[in-house]
Amino acid sequence: MILIAILFPALSFFLRGKLFTAIIALILLCTLVGWLSVSIWAVISRSNAKNTKQISKMEQRIIAAQNK
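Okay, so the sequence shown: first residue is 1245 according to this note's numbering, each after it adds one.
Hint data in this document are derived by calculation from the structure and do not stem from the laboratory.
Straight-line C-alpha distance at most 27 Å; calculated DSS-like pairs for lysine-lysine: (1) 1297 with 1262; (2) 1301 with 1312; (3) 1297 with 1312; (4) 1294 with 1262; (5) 1262 with 1301.
Throw the hints in and build the complete structure from the sequences for me.
Laid out in structure tokens, this is it:
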């Protein structure tokens, strides 16, 4: 998924269900400097989403452990 985020940043957003963000990324890709900045944005966004998912799972485990 990181390779997709680097090579096709707008597709990376679209595959994760962020349609509005994908459209903004496509618009930025039309500029000269846009590809690099959008690629970095896509990689960071993917990393943040992955971390958020892991934190959510950890919180659920903690809550389940406290309820026992």
